[in-house]
Every structure is written in C-alpha cells, then in structure tokens.
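Participant: Position chain B against the provided structure of chain A, taking the given hints into account.
Number of protein chains: 2
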Amino acid sequence: MRIAIDAMGGDYAPDEIIAGALQGREVLGPDDEIVLVGDETVIRETLTALKASADTFRIFHAPDMITMNESPIEALRRKPKSSIAVMAHAASHRQVDAVLSAGNTGACVAACQIRLRTLPGVTRPGIAVVLPTYGGPVTICDVGANIACKPIHLYQYAIMASVYAREMFGIQSPRVGIMNIGEEDAKGTSLIKKTRLLLKNDPNISYIGYLEGRDLFEGKCDVVICEGFVGNVILKLSEGMVNMIFNAIKAELMNRNKLLAWWFKSVAKNIFKKYDYHEYGGALLLGVNGTAIICHGTSKARTIKSAIAACKRFYDKKINTQIVDAISKSTVPNNGQ
Amino acid sequence: MRIAIDAMGGDYAPDEIIAGALQGREVLGPDDEIVLVGDETVIRETLTALKASADTFRIFHAPDMITMNESPIEALRRKPKSSIAVMAHAASHRQVDAVLSAGNTGACVAACQIRLRTLPGVTRPGIAVVLPTYGGPVTICDVGANIACKPIHLYQYAIMASVYAREMFGIQSPRVGIMNIGEEDAKGTSLIKKTRLLLKNDPNISYIGYLEGRDLFEGKCDVVICEGFVGNVILKLSEGMVNMIFNAIKAELMNRNKLLAWWFKSVAKNIFKKYDYHEYGGALLLGVNGTAIICHGTSKARTIKSAIAACKRFYDKKINTQIVDAISKSTVPNNGQ
Chain A
-2 MRIAIDAMGG DYAPDEIIAG ALQGREVLGP DDEIVLVGDE TVIRETLTAL
48 KASADTFRIF HAPDMITMNE SPIEALRRKP KSSIAVMAHA ASHRQVDAVL
98 SAGNTGACVA ACQIRLRTLP GVTRPGIAVV LPTYGGPVTI CDVGANIACK
148 PIHLYQYAIM ASVYAREMFG IQSPRVGIMN IGEEDAKGTS LIKKTRLLLK
198 NDPNISYIGY LEGRDLFEGK CDVVICEGFV GNVILKLSEG MVNMIFNAIK
248 AELMNRNKLL AWWFKSVAKN IFKKYDYHEY GGALLLGVNG TAIICHGTSK
298 ARTIKSAIAA CKRFYDKKIN TQIVDAISKS TVPNNGQ
Chain B
-2 MRIAIDAMGG DYAPDEIIAG ALQGREVLGP DDEIVLVGDE TVIRETLTAL
48 KASADTFRIF HAPDMITMNE SPIEALRRKP KSSIAVMAHA ASHRQVDAVL
98 SAGNTGACVA ACQIRLRTLP GVTRPGIAVV LPTYGGPVTI CDVGANIACK
148 PIHLYQYAIM ASVYAREMFG IQSPRVGIMN IGEEDAKGTS LIKKTRLLLK
198 NDPNISYIGY LEGRDLFEGK CDVVICEGFV GNVILKLSEG MVNMIFNAIK
248 AELMNRNKLL AWWFKSVAKN IFKKYDYHEY GGALLLGVNG TAIICHGTSK
298 ARTIKSAIAA CKRFYDKKIN TQIVDAISKS TVPNNGQ
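Chain order of the listed sequences is A and B. Going by the numbering used here, the first sequence opens with residue -2, and the numbers climb by one from there. Going by the numbering used here, the second sequence opens with residue -2, and the numbers climb by one from there.
So here's chain A without its partners, still in its complex pose (with noise of 0.2 Å):
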C-alpha cells in the first residue's frame, strides 16, 4: 500500500514527523510505500539532517501549509497547495492508498470529506479514537468530526466503530454504549433517546444500554457512541487529566523522599506506555471512501509509527468493505441526512 503522509502538519512537523516516517517502514512490508507531502526542499533538508538519503522517500511538493488556528474549509479553499490539500487530491486520483496527518485536524477532515467522499450508504464520517483503558481498549466514535449529529450519524458510527473494533481488537461483538448523563432510560436528549431506539433494534448490534462518563474506564463496553463535541472534550479532558495527576503524584512524592521520587518515574513511565493513546497511532476517519488517520498535533515519531501500523492494519483488513457491508445490512435506511 501507498500512505501519504503530511511532512508539515502538527507541532513537531517536520523532523518528528519524517523521523515517524523513517521509523514507520518498519512496520511495513517490501512492497509498501511512503509518500512524503510537504515542501520539497524543507523535506530533503530535513531527511539530511535525520541522516537519511535524500532520496528515500517519493515526495509531492506542497509549498503551502494550513496552520493549526486556520478556519478548515476556508483554509483548503484559499491554499490548495497545502499539503492537506495536495494529499487528499493523491488519494482521490487513487495516487496513494491512505493519508495521515497530525496538521489541522478540521481541515484533514473536510479536505478527506470532499475528496474521498463517504463510503456507499454511510451518511457522515466519524473519528474513531481508541482509549486504552484498564478494562481493555475501548472505541471513540465521534470525537470531533460532526458537532451537528443526528439520531442516523450516531446510529451509523456505532455500526462503523463495532466494524473497527471487531477487527482491530479481535472483538467478536463488541459491546456499544451511548455517552449520556445516567443509565435510565428516561435520560437525555431527544438525539440520544432516539439513537437508543435504532441501537436497540437492531439485532447486528451489541447494544447494552447508556454509559455514564465514569463507565469509561470500567470495561463495560467496546465501543462507546457519542457526538464529535461531547468525545471531543472525553477526549482532550482525559489527557490533562493524566497530566494532572502524575504531577500531583510527583509534587507529593517529591515532597516526601526525592529517592522515591525519582525511582517512580519508572513506575509512571510503564503506566503511560500502557495508557497512553499514543500507542495506538491516531485516529480513524470511519466512513470515508479510504484510509485517513488523523494524528494529535502534538504527535513525535513514535505516534506517527505507530499510526503508520493502524494505517497498514486497517486497509490490510479491508476494514472499509466490511463497513459498507454492514451498513448495507442495518436497519434503518439512510434518507440522505
């Protein structure tokens, strides 16, 4: 397979992210390839300096960049240079097989949106996030690609992320949830209790009731379903949440035995290896008519490493067939919304 890879999106673009891509063929096979798309001479400049030839990378010279602050459609619409753009043109003249990005995650998504377009039946596309959490990994769908759902996009996500989850994890029926506010079935919004009908009558789906945000990390379900904002704050607030408490636990500790201190810093280390969603290298753009990973911004080498396997793992399992195919079996029909 072909992955094009954004060489100037994210904060540490671009040395981490071409280091991610020296360290990423790895993981890939002889036949694989990576494509670099950025500004050419900013890319040779910087596989010299990381020690590599010059020429181990195919590169498609993008001289603009979208930056991080910039309005998504506004941005692709003014630069159609950017690498975003650039790259999601190559993957819509199928000149590469997926894209990966840690850049503007708003404009990854629309440029992705625009130009792949959504798979046969699929309404809106989701970003599914994988949280490793004590009860095993558990699925995200959406974290920030619709803040305007609606019952059908919720219901789609859910049959799109058990896809992901079954194949990613080995999940044979992984167990769906909704976010809501409490367990009973009388709570919520109209948009959640309405998704709950869909989820409940359909019998492909695992559905085993509403989660409250506690429920996360007590593995109690696979796949949790939930609109782009309200996954987006789980997400972005767990992370300063882990933040938060190792340095707590750090101030305290150094406030007892600096010994201790430092020797739980290995302690610490092993458990934000396990923890840490960066193990599982971005996120999926489900839905999209190809393979789109979306890194965190603040992604370095090892994410994008990492995210260059789930890039392979997920077009190697035909991931997306499997999601057409079982769009196509559910229950509610898509009107078009």
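Rather than coming from a laboratory, the hints here were simulated on the basis of the structure. A few of these clues could be false.
Since the list gives no way to pick one copy over another, a pair counts as held whenever it fits inside one copy or between any two copies.
To be verified - Under the rule of at most 25 Å between Cα atoms (straight-line distance), these lysine to any residue pairs were calculated in the SDA-like manner: (1) K76 - E164; (2) K76 - A183; (3) K297 - L25; (4) K76 - E180.
As the structure is a prediction and not an experimental result, all values here were calculated from the model.
Facilitator: This is chain B only, laid out in the frame that chain A set:
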C-alpha cells in the same frame, strides 16, 4: 439558619447521611438548626444506632422515597410525601432556609425549581460543582440541571458562577471560559458562538475565551461554562479517570514491590484528599430562590458534613442577593427564555 437534610437520599442513606448531619453540627453555630426529612421511625432508629439521642434533630416526616432510577417529574407527582418533595415544600414555605440531598438529582432539581422558583431575572438554574485542580478550584456550571441550553442560560451561568467563585474562594475577578472543542473563535456549535459574543460584550465578566478539555486542569480559568450534558460527562469522567489511574498505579506497584505499594497508599490518600471534590461538599443549585445543595449519590458522612459547611457559607455570604444584583446589571436582557 435552618438546613433540611434528605435523610433517605443516597446510596448510603440513612446511616451515612445522618452520621454526616451529626458531624455537621460542628461547623454550625448555636443558632443554626438541622432538620432531618424522611421516615420518622427509620430516622429515630438510625439515631439510636449511632448512639445519638433520638431528639437530636427536628424531624419532618416523609414516609415516601424517590429512588435513583425514577423519572423526576413523574416521581414528584406520584410521591408528594417523598423526602425530596416534603423538603422542597418546607423550603418554599420558609420553614427552612436550605435543602440538602444526596438522592435523585433530577428530582431534587425539579422540586427546587418548581417549589422555590428562580431568582428574579434568572432564566434557568444550573448546578455548579467545584473541581479541585492542581491550578486551584475550578467552578463548573452546569453539570446536569439543563440539557437544553440557550445562550442566555450559559451567559447567566457565567454570571452566577463568577459570583459564586468570588464569594466562596475569594477570587476577585474569576476568569471565565467556555468549554469547546478548540480555542479558535470559529470553532464550536452555534450555541457556543452566540454565548461567546454575550460574554465578550459584558464588561462585568472576565471572559478569557474558549477552553479545551485539557485546560480544565491547568490553572487557566476559575469558572467553566458548559451545557448540562457536557458538564455531567466531564464530572463523571473525571471521577472514573482518577479511580482508573490509581488502580493502574496500584497494580503496577504490586507487581514490583509490595512494600512500596503499601507505602504509596498514604501518598494516594493525600492526593485524593487534596483533589477529591467531595471535600467541597456537593454542588450548589445556582439560580433558585433559596439555598439548595445536591450531593453525590455515593456521599458518606464526611461529604455531608462538608456540604453542610458549604451550605452555611453560601447562605451567610448572601450569595443569592449578589447573584440577583449581578443579573440585574447584566448587559443581556432576560426575555423570558
């Protein structure tokens, strides 16, 4: 002041609630009074079991109980003699100055809203919770009273929570942020964008901009405004997350060195104490014409005691009077929305 406590509400009622009431007397003055609301026989038996005199508290008999799973409005209609209904009724007839419950949150909010009504100028009450963070206490409003928010509601939450943070924590000009999915002005739903304009244009509010989930713990703001749905997820997710991380640490330590795991217990305990929002004792229902505190269903005696202290502080500082004053000076009129 006279505080009515719902003796029947909560996972550990009545034992822990009544034990908390007993402890709560320590934080009250000689002129203050606690009234227990619930089944009189059960309350007297519990007092005896706790080795307290059966006439320690005045009791308002309420033979019925609303369980955690009941639909609030329906339950209030069907059970006019439930502890929550009796408590709210007593408050509306000025037989007590404050109400406190660890029972069904929805029922408690609804009962207070119906019986006490809102403060002059306030459109909707909101639940404010204080999260103790590494950067100081952060007040979040709303965490579940209102899941159909309009901009005016969020705007007024900002005003009310600012007064609250100022009076309770001595923060002169609390920095207010709106929970969103990005920091850029163009991000978010139409509700968020409209609220932003209202806050930005009010010179009495120290509006600092949009916040992302991770900002909550980094000392960037003193007050966070969000829809009840999002706030509720934030609150419960934080809880679950803390538990998961400490479980993960425990498992990791047990694997390495049992002695150190045992020693770490006291570290964890200290951190829990510092960052446990139970310390702040429940959530204030801001905007109702009275003092209403809602405690977590899992509250034990210690939390009830803290809640009683919070109740007293809220009442003594005449926070409601100041909220009415602040709302009357606000730049956005309440159009009865």
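Participant: Take the hints in turn and mark each one as holding or not.
Facilitator: How the hints compare with the structure:
1. K76 - E164: neither (36 Å within a copy, 50 Å between copies)
2. K76 - A183: Between copies only: 18 Å across, 47 Å inside.
3. K297 - L25: So K297 and L25 pass the 25 Å test inside one copy only (19 Å; across, 55 Å).
4. K76 - E180: between (46 Å within a copy, 22 Å between copies)
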